[in-house]
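Peer 1: These are the residues of each chain, in order.
2 protein chains.
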Amino acid sequence: LQAMKIINIKELARELKLSASTISKALSDSHEISEDTKQRVLETASRLNYVPNPYASSLRGRKSRNIGLVIPEVTDSFFSLAINGIESVAKEKGYHVLICLTHENFENEKTILKEFQGGRVDGVLISVSSETIHSDHIKDLISKGIPLIFFDRICEDVQTARITTNDFESGYLATKHLVERGCRQIAYLSISSSLAISNNRMKGYKQALKDFKIPFEEQDIVDCDNDYIDNYEVIKKLLGNKKRPDGIIACVEKFTTPIYLACRDLNLSIPRDVKVISFSNLEPATILNPSLTTITQPAFEIGKAAATILFKSFEKKSFKLELESIVLPSTLVVRDSTLKV
Amino acid sequence: LQAMKIINIKELARELKLSASTISKALSDSHEISEDTKQRVLETASRLNYVPNPYASSLRGRKSRNIGLVIPEVTDSFFSLAINGIESVAKEKGYHVLICLTHENFENEKTILKEFQGGRVDGVLISVSSETIHSDHIKDLISKGIPLIFFDRICEDVQTARITTNDFESGYLATKHLVERGCRQIAYLSISSSLAISNNRMKGYKQALKDFKIPFEEQDIVDCDNDYIDNYEVIKKLLGNKKRPDGIIACVEKFTTPIYLACRDLNLSIPRDVKVISFSNLEPATILNPSLTTITQPAFEIGKAAATILFKSFEKKSFKLELESIVLPSTLVVRDSTLKV
Numbered sequence: 009l010q011a012m013k014i015i016n017i018k019e020l021a022r023e024l025k026l027s028a029s030t031i032s033k034a035l036s037d038s039h040e041i042s043e044d045t046k047q048r049v050l051e052t053a054s055r056l057n058y059v060p061n062p063y064a065s066s067l068r069g070r071k072s073r074n075i076g077l078v079i080p081e082v083t084d085s086f087f088s089l090a091i092n093g094i095e096s097v098a099k100e101k102g103y104h105v106l107i108c109l110t111h112e113n114f115e116n117e118k119t120i121l122k123e124f125q126g127g128r129v130d131g132v133l134i135s136v137s138s139e140t141i142h143s144d145h146i147k148d149l150i151s152k153g154i155p156l157i158f159f160d161r162i163c164e165d166v167q168t169a170r171i172t173t174n175d176f177e178s179g180y181l182a183t184k185h186l187v188e189r190g191c192r193q194i195a196y197l198s199i200s201s202s203l204a205i206s207n208n209r210m211k212g213y214k215q216a217l218k219d220f221k222i223p224f225e226e227q228d229i230v231d232c233d234n235d236y237i238d239n240y241e242v243i244k245k246l247l248g249n250k251k252r253p254d255g256i257i258a259c260v261e262k263f264t265t266p267i268y269l270a271c272r273d274l275n276l277s278i279p280r281d282v283k284v285i286s287f288s289n290l291e292p293a294t295i296l297n298p299s300l301t302t303i304t305q306p307a308f309e310i311g312k313a314a315a316t317i318l319f320k321s322f323e324k325k326s327f328k329l330e331l332e333s334i335v336l337p338s339t340l341v342v343r344d345s346t347l348k349v
Numbered sequence: 009l010q011a012m013k014i015i016n017i018k019e020l021a022r023e024l025k026l027s028a029s030t031i032s033k034a035l036s037d038s039h040e041i042s043e044d045t046k047q048r049v050l051e052t053a054s055r056l057n058y059v060p061n062p063y064a065s066s067l068r069g070r071k072s073r074n075i076g077l078v079i080p081e082v083t084d085s086f087f088s089l090a091i092n093g094i095e096s097v098a099k100e101k102g103y104h105v106l107i108c109l110t111h112e113n114f115e116n117e118k119t120i121l122k123e124f125q126g127g128r129v130d131g132v133l134i135s136v137s138s139e140t141i142h143s144d145h146i147k148d149l150i151s152k153g154i155p156l157i158f159f160d161r162i163c164e165d166v167q168t169a170r171i172t173t174n175d176f177e178s179g180y181l182a183t184k185h186l187v188e189r190g191c192r193q194i195a196y197l198s199i200s201s202s203l204a205i206s207n208n209r210m211k212g213y214k215q216a217l218k219d220f221k222i223p224f225e226e227q228d229i230v231d232c233d234n235d236y237i238d239n240y241e242v243i244k245k246l247l248g249n250k251k252r253p254d255g256i257i258a259c260v261e262k263f264t265t266p267i268y269l270a271c272r273d274l275n276l277s278i279p280r281d282v283k284v285i286s287f288s289n290l291e292p293a294t295i296l297n298p299s300l301t302t303i304t305q306p307a308f309e310i311g312k313a314a315a316t317i318l319f320k321s322f323e324k325k326s327f328k329l330e331l332e333s334i335v336l337p338s339t340l341v342v343r344d345s346t347l348k349v
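Protein sequences, first through last, are from chains Y and A.
Residues in the first sequence are numbered from 9 upward in steps of one, following our numbering.
Residues in the second sequence are numbered from 9 upward in steps of one, following our numbering.
Excised from the complex, chain Y in its bound form:
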């Protein structure tokens, strides 16, 4: 395979017997250049297969035409659907989405944002990791003039746009649903004590218990993590207790499989012995055994809203990101895992 030569502006200029600056102006559709010349330059550029170097033009205009997307993982339906929403907006604007995964690790997140300071992206959409305990790295990036928007997982102390769902209300709704289906001891599986989504859902859960006069005990809050095997063990221990819960709220999708497997291995029936509800965008929720009752987040719409606001801030320098706060409601979808038997 022989590498074809990449034609640059200088070579185009030589070919057309024009100055490089004329070529450059013609390609950027400047009013200083006649229509005839523009036409001639475009035809030759096309014939010689000239491709503009995005780095050269970014040095001039400081535009990378990339947006950075920082998320914990892609093996989660919420994030994969949110990506589709973000992409749908970016594509329309001629932007690429640079997807960076933190794998729920704080150090990874700091490294990624540090690198974004160098002009690799024009703006950032972020859903922070479950280990993110402070926001200096985020404030630092914003102070460099790079717009940043939170979606779903936010840092509450950073003044910028945030697109979230009604976490408190959803936690409340999930708990209320379980109480109405007869549960009297409900466990809440938390992903992280530092994440606002996890805490707000938990606050809704606690408020509902209070309102429905169900006694709350500290051990009903169960800290899970990002490891599949760990979670299975923790859940199995919880359900193996003599005084085991009769209802479980999983605050993220990834707890579903370990919950179902722990029940199976302990010969506990869902929903007879334990009712289960999960925050989840899992498409196969409906074909699980039993089908899973979910709190379903508007994932695509959250991604779309976040990207839309970012582009607004690109287009209008006076746009005040810190005034933008959008809450899109989630939906309770009742299925067999919370059936009254």
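Don't take every hint at face value.
When chains are identical, the list treats them as one kind, so a pair holds in a single copy or across two.
Said to hold, decoys possible - Below, in silico cross-link-like pairs of lysine-lysine (DSS-like), each with a Cα-Cα straight-line distance of 27 Å or less:
#1 Lys-99 to Lys-328
#2 Lys-33 to Lys-152
#3 Lys-218 to Lys-25
#4 Lys-152 to Lys-25
Calculated from the structure, these hints are not laboratory results.
For chain Y, the structure is supplied; the task is to place chain A on it using the hints.
Peer 2: Same frame as chain Y, but now just chain A:
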């Protein structure tokens, strides 16, 4: 929010009373610069929060330190796991992965590769869309000197590295398993007649039918597409036939939910009336109703192998990509959806 000034090499040079070229050489750890000076430059760079501009250095070295990843979608467990494999290698090399989605659309794929010609990425990993009917856009990119590697979904006429799984054997194995479990009329759900993965799996299926003396009829090959509702309708029609299949092989994961729902809506029991096997990396396969027999691809390993070869080609100019062809075997995981009843 006031934007902090971004410190560049010139300003670092002024601060340190050294030439810009000395600073630049010190930062790139050149042997021409003393250890003392290097130390002094690094300390000052760190104190003033200097961040290298990746575009400036790419113009010099033609290195973007991005690799482009072109895939049909992220809402598929194979691709989300493959991304993790690719990321694990890229991270180690200090590279970012620019993930671009074609949404199974040929025009999108052409646009993405065209833009990659401009130096935005140093190399490309691609799994082509189900609509990709020729490979001119791929050959064009390679001819510009940008290394490109296929994984999973390849174009057979392009001479470059390819990391695939044993599609023919897996199709054969899936069919053999269904025959052994008593199926006598097996339908094959295809994703695209232009995709090698779909065709090779189908060839394995046809060979197994032949070997086991099961008559094959053209209508046993069912063309599905990327639309959930379309697929549900096609599958429901297939299973609503008087002469309906007693076994189904789904060549991609996304057919699973529509198959299960069509069976439920037609009051057909899996596995009693219809046995189902799917190419799938779905984590919840084990908790479906019934649990799903799968051909599981080594998704993480495929991504990792593809990225490893790409970096080899970066490091050694004489590396011959077209000689690299790796086949990693998939695994049959037997569960209840193919139970003999």
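Peer 1: Which holds for Lys-33 with Lys-152 at a C-alpha limit of 27 Å: within a copy, between copies, both or neither?
Peer 2: Answer is between; shortest inter-copy Cα gap is 25 Å, intra-copy 30 Å.
Peer 1: Is it within, between, both or neither when you check Lys-218 against Lys-25 at 27 Å Cα-Cα?
Peer 2: Answer is neither: 80 Å inside a copy and 67 Å across each miss the 27 Å cutoff.
Peer 1: How would you label the pair Lys-152, Lys-25 (within, between, both, or neither) given a Cα cut-off of 27 Å?
Peer 2: between (42 Å within a copy, 25 Å between copies)
Peer 1: At most 27 Å between alpha carbons: which applies to Lys-99 and Lys-328, within, between, both or neither?
Peer 2: within (24 Å within a copy, 34 Å between copies)
Going through the hint list in order, the structure does not satisfy hint 3, though it satisfies all others.
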